[in-house]
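Chains as they are written, first to last, in UniProt numbering: chain A, 1 to 447; chain B, 1 to 447.
Treat the hints with caution; some may be incorrect.
Per the computed footprint, the stretches of chain B lying under chain A, defined by three or more beta-carbons under 8 Å from a beta-carbon of chain A, are [said to hold, decoys possible]: (1) 97 to 104; (2) 200 to 207.
Lysine-lysine pairs mimicking DSSO-like chemistry, simulated, CA-CA at most 30 Å apart [to be verified]: (3) B:186 - B:149; (4) A:3 - A:250; (5) B:305 - A:183; (6) B:149 - A:149; (7) B:149 - A:186; (8) A:298 - B:173; (9) B:305 - A:186; (10) B:298 - A:183; (11) A:250 - A:149; (12) B:243 - B:48; (13) B:186 - A:305; (14) A:48 - A:250; (15) B:48 - A:39; (16) A:186 - B:48; (17) B:39 - A:48; (18) A:3 - A:149; (19) A:250 - A:186; (20) B:48 - B:3; (21) A:243 - A:48; (22) B:298 - A:173; (23) B:149 - B:3; (24) A:173 - A:183; (25) B:3 - B:250; (26) B:39 - A:39; (27) A:173 - A:186; (28) A:39 - B:173; (29) B:250 - B:149; (30) A:298 - B:186; (31) A:149 - B:186; (32) B:48 - B:173; (33) B:39 - A:173; (34) B:243 - B:3.
These aren't lab readings, by the way, just hints derived from the structure by calculation. For every residue, glycine included, the Cβ atom is placed at its ideal position computed from N, Cα and C.
There are 2 protein chains.
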Amino acid sequence: MSKHLHLNAFLMSVGHHEAAWRLPESDPHAHTDIDYYVKLAQTAERGKLDSIFFADSPVLMGDPGRRPSGKLEPTVILTAVAVQTSRIGLIATASTSYNDPYNLARRFASVDWVSNGRAGWNIVTTAGADAARNFGLDDTPDHRVRYEKAAEFVDVATKLWDSWDDDAIVADKELGIHADAAKVRKILHRGEHFRVDGPLNLPRSPQGYPLLVQAGSSEDGKEFAARYAEAVFTAQQTLEDAKDFYTDLKARTIAAGRDPESIKILPGIVPIIGDTEEHARELDAELARLISPEYARKQLAERFKLPIDELDLDSELPADLPTEDDIEGAKSRFTLIVNLARRERLTLRELIARLGGGRGHRTFAGTAVQVADAIEDWFRQGAADGFNIMPAVLPSGLDRFVDEVVPILQERGLFRTEYTETTLRGHYGLARPANQFDEADALVAAR
Amino acid sequence: MSKHLHLNAFLMSVGHHEAAWRLPESDPHAHTDIDYYVKLAQTAERGKLDSIFFADSPVLMGDPGRRPSGKLEPTVILTAVAVQTSRIGLIATASTSYNDPYNLARRFASVDWVSNGRAGWNIVTTAGADAARNFGLDDTPDHRVRYEKAAEFVDVATKLWDSWDDDAIVADKELGIHADAAKVRKILHRGEHFRVDGPLNLPRSPQGYPLLVQAGSSEDGKEFAARYAEAVFTAQQTLEDAKDFYTDLKARTIAAGRDPESIKILPGIVPIIGDTEEHARELDAELARLISPEYARKQLAERFKLPIDELDLDSELPADLPTEDDIEGAKSRFTLIVNLARRERLTLRELIARLGGGRGHRTFAGTAVQVADAIEDWFRQGAADGFNIMPAVLPSGLDRFVDEVVPILQERGLFRTEYTETTLRGHYGLARPANQFDEADALVAAR
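So here's chain A without its partners, still in its complex pose (with noise of 0.2 Å):
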């Protein structure tokens, strides 16, 4: 554990509470306005924040009638607030089930390059039927296939970034030589699920390469992590889940052969931050009271394989679930929903309550000082390397959280005051990864 902590501001149009944009404070409007997502932007580079992070799936997720629905495309956000920004991490979630390796690795080179060296890519299988139908199949692949399918991903986008030496480009004017061909080579990749010549269309980028992220906690996410991931962000209810998850994690880490510290672990947490802890649990409370119960109880009969009128908002969940193995998508978090309802005896209508927020993500009521001390106490308890911050109400709960809540983590010297990196990983404490196929950087790597 190092001595400072790591935050992101995990950005979801007006809030991850489902409720919020029918707040009178909010702009239903706010998610096609990229001049929103920019001030939100500069306001957690404010804060000396590491990075933000946008969630995506290909699919329009669930009813539209629910919540703003449809999203501007995350790499066209990252690259809007590149320019607007000059130290802020910027991380977007893409599908390794639903893009070309050649097309997304360039995607992220670019952002890299036009962030200089900022951009961080959250690798994400992708689950569900509606999503696969968008791209030709009939349904979802199976979860172990998906995962194989990313770690050959992973595997060609990592060597076409790494397909260009960092200093393939002489510009010799006098001789007419722009870069040194032998510097500049294909991969030839020929694996189970893509065959890619390259080279990358793209020098190497400031970073090498962006920040690998990783945000499934399955079994075979976990694994994942283990071999790829730099950073992961995970749903964690209490302290004693977070601290075995974070032990485990790390321990899979070094038996892939990594230095633990080269994962960082960020669980989410949801900060409703008030003047009081009553006036906190108030906006909570009100939140709560502005859910559409017919939304939510539509949500939870598809996630637990229910008829929908087996749903008694005002019982407990039925006896009768579906294993963690009948679940294509989401596997871990389905567990922990069902363990949160069953150890906190929830009816239907409290879990709404309790999953509007954050969707399984630990909701904190509080003071700014209370959501201090939650994020000291599991930080220094070994179960976090920092927090994926997930504000209920955008813009007015990051702007607390920057205002009240870093502040009182910098006095207590949990964390930075002024930036001391220019790039993501620099903030993340992590190195520059070496070019797999440059023998100086090999030589460095032998020693």
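Go by the hints and put chain B onto chain A.
Coordinates of chain B only, in the frame set by chain A:
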């Protein structure tokens, strides 16, 4: 022919001339510097141009020693430019052979949102085995098949862009309904090449969808343009050829059931502007001297499918060449180059110098007045609705065009002195497309 002509600036690293990077004034690292592109775009906007354009192919083209190679992904460039300009139109090439319609439709719609209605898509099918081998194929699909797939791709994309009615978002905070689900629809496309359910995960964008641009001048290309394109880039060496092309494509557009004014034809011109005609010719000659003949000779050998040893730089093109039918991509460009070489009896050395600036596009060296005369002449003679300006050297060539040629065209009443519209289609005098699924729109269209 309308009263005003249209001007697009086709931007390519430090200029279209392959040796431009060797000039003392050129920054050989500019091609990965986003600030450089933003400044070029701001210059074009200062000149009140209709649009800027970036070509693209998902492959590293040619020898990286020859010139700055590798490019930032062009929708990334457009996005960075979009948030730092307010009026200039933003066009980028993307391939229908090596993208998924869902992802590409969404990305261009996102750029249209971010730019407030200034996005354009240059639709290409992408020739060449090298590109194919970055996407799991051994060779490029047949020319005809590529164009059939492109037509279906555009069909899918327009359906996705129309999958939300313009007024789908009701944002009723009181009732808790964000979008009217009845105005957001699956497209359930089932075709020869694509199966896509939809809807798009993004509301309909300011222009409805991006301006559709096309640049292929083969038979298949012209038929495709007549059906779909709203702007066409074309390479024409002589006034006669340009008039023939213009007349032919307008007739094909009428035959396809469209208004001939709904398609704007823009031949390329590579202006080399000097203080005097002699000065301009000196600049042209200096650039020609800086071409490394071996790179160019190798490219000619590939283009003409001849052994490189048979290409003598001081002789004319060999008599025995393949025909356009033997060429899989850039068919019309192949014929144009053969005709140019034969017509002017050029040695290979001379041909290489002629191709160095615009790869077959018309190069014109002269004073600003002479360039303006050349533009006015073709425009008034019915050979063009406007021009695709391809500066041989950047940024200086664009600066001179904007500062010296544009004012002459404005004085002559041929070009706007201020923007009167805010969208890319507006600049080109084109109507916002109706939504094919919207009943109110359909009623208007049927009148």
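Each hint, compared with the structure:
1. Using a Cβ-Cβ cut-off of 8 Å, 5 residues of the stretch 97 to 104 of chain B lie near chain A, which meets the minimum of three, so the contact claim holds.
2. Residues of the stretch 200 to 207 of chain B with a Cβ under 8 Å from some Cβ of chain A number 4, which satisfies the need for three, so the listed coverage holds.
3. With a C-alpha separation of about 21 Å, the suggested pairing of residue 186 (chain B) with residue 149 (chain B) holds against the 30 Å cut-off.
4. For the hint pairing residue 3 (chain A) with residue 250 (chain A), the CA-to-CA distance comes to about 17 Å; that is within 30 Å, so the pair holds.
5. With a CA separation close to 27 Å, the supplied pair residue 305 (chain B) and residue 183 (chain A) stays within the 30 Å bound.
6. Proximity of residue 149 (chain B) to residue 149 (chain A) is assessed by CA-CA distance (about 26 Å); at most 30 Å being required, the pair is judged to hold.
7. A hinted pair counts as satisfied when its Cα atoms are at most 30 Å apart, and residue 149 (chain B) with residue 186 (chain A) qualifies at roughly 28 Å.
8. With a C-alpha separation of about 20 Å, the suggested pair residue 298 (chain A) and residue 173 (chain B) falls inside the 30 Å cut-off, and the hint holds.
9. Distance restraint check for residue 305 (chain B) and residue 186 (chain A): the Cα-Cα separation of roughly 23 Å lies within the 30 Å cut-off, and the hinted pair is therefore satisfied.
10. Straight-line distance between C-alpha atoms of residue 298 (chain B) and residue 183 (chain A) comes to about 20 Å, which keeps the hinted pair within the 30 Å bound.
11. Distance restraint check for residue 250 (chain A) and residue 149 (chain A): the Cα-Cα separation of roughly 24 Å lies within the 30 Å cut-off, and the hinted pair is therefore satisfied.
12. Our distance criterion of 30 Å between C-alpha atoms is met by residue 243 (chain B) and residue 48 (chain B), whose separation comes to about 26 Å.
13. A hinted pair counts as satisfied when its Cα atoms are at most 30 Å apart, and residue 186 (chain B) with residue 305 (chain A) qualifies at roughly 23 Å.
14. Restraint check: the Cα-Cα separation between residue 48 (chain A) and residue 250 (chain A) comes to about 26 Å, which is no more than 30 Å; the hinted pair holds.
15. In summary, the hint linking residue 48 (chain B) to residue 39 (chain A) is supported, as the alpha carbons are separated by about 29 Å, within the 30 Å threshold.
16. Between residue 186 (chain A) and residue 48 (chain B) the alpha-carbon distance is near 42 Å, which puts this suggested pair outside the 30 Å criterion.
17. Of the pairs offered as hints, the one joining residue 39 (chain B) and residue 48 (chain A) holds, with about 29 Å between alpha carbons and a cut-off of 30 Å not exceeded.
18. Straight-line distance between C-alpha atoms of residue 3 (chain A) and residue 149 (chain A) comes to about 37 Å, which puts the hinted pair past the 30 Å bound.
19. A threshold of 30 Å between alpha carbons decides the hint, and for residue 250 (chain A) with residue 186 (chain A) the separation of about 35 Å lies outside it, so the pair is violated.
20. For the hint pairing residue 48 (chain B) with residue 3 (chain B), the CA-to-CA distance comes to about 16 Å; that is within 30 Å, so the pair holds.
21. Distance hint between residue 243 (chain A) and residue 48 (chain A) is fulfilled; the C-alpha atoms sit about 26 Å from each other, no more than 30 Å.
22. The hinted pair formed by residue 298 (chain B) and residue 173 (chain A) meets the criterion: a straight-line CA distance of about 20 Å does not exceed 30 Å.
23. Taking the CA atoms of residue 149 (chain B) and residue 3 (chain B), the gap is near 37 Å; set against the 30 Å cutoff, the hint is violated.
24. Straight-line distance between C-alpha atoms of residue 173 (chain A) and residue 183 (chain A) comes to about 18 Å, which keeps the hinted pair within the 30 Å bound.
25. For the suggested pair residue 3 (chain B) and residue 250 (chain B), the alpha carbons sit about 17 Å apart, so the restraint of at most 30 Å is met.
26. With a C-alpha separation of about 23 Å, the suggested pairing of residue 39 (chain B) with residue 39 (chain A) holds against the 30 Å cut-off.
27. Straight-line distance between C-alpha atoms of residue 173 (chain A) and residue 186 (chain A) comes to about 25 Å, which keeps the hinted pair within the 30 Å bound.
28. A distance of roughly 24 Å separates the Cα atoms of residue 39 (chain A) and residue 173 (chain B); the hinted pair therefore holds under the 30 Å criterion.
29. At roughly 24 Å between alpha-carbon atoms, residue 250 (chain B) and residue 149 (chain B) fall within 30 Å of each other, so this suggested pair holds.
30. At roughly 19 Å between alpha-carbon atoms, residue 298 (chain A) and residue 186 (chain B) fall within 30 Å of each other, so this suggested pair holds.
31. Straight-line distance between C-alpha atoms of residue 149 (chain A) and residue 186 (chain B) comes to about 28 Å, which keeps the hinted pair within the 30 Å bound.
32. The suggested pairing of residue 48 (chain B) with residue 173 (chain B) is violated, with an alpha-carbon distance near 42 Å, which exceeds 30 Å.
33. With a C-alpha separation of about 24 Å, the suggested pairing of residue 39 (chain B) with residue 173 (chain A) holds against the 30 Å cut-off.
34. Note on residue 243 (chain B) and residue 3 (chain B): the hinted pairing holds, with a Cα-Cα distance of about 18 Å set against a maximum of 30 Å.
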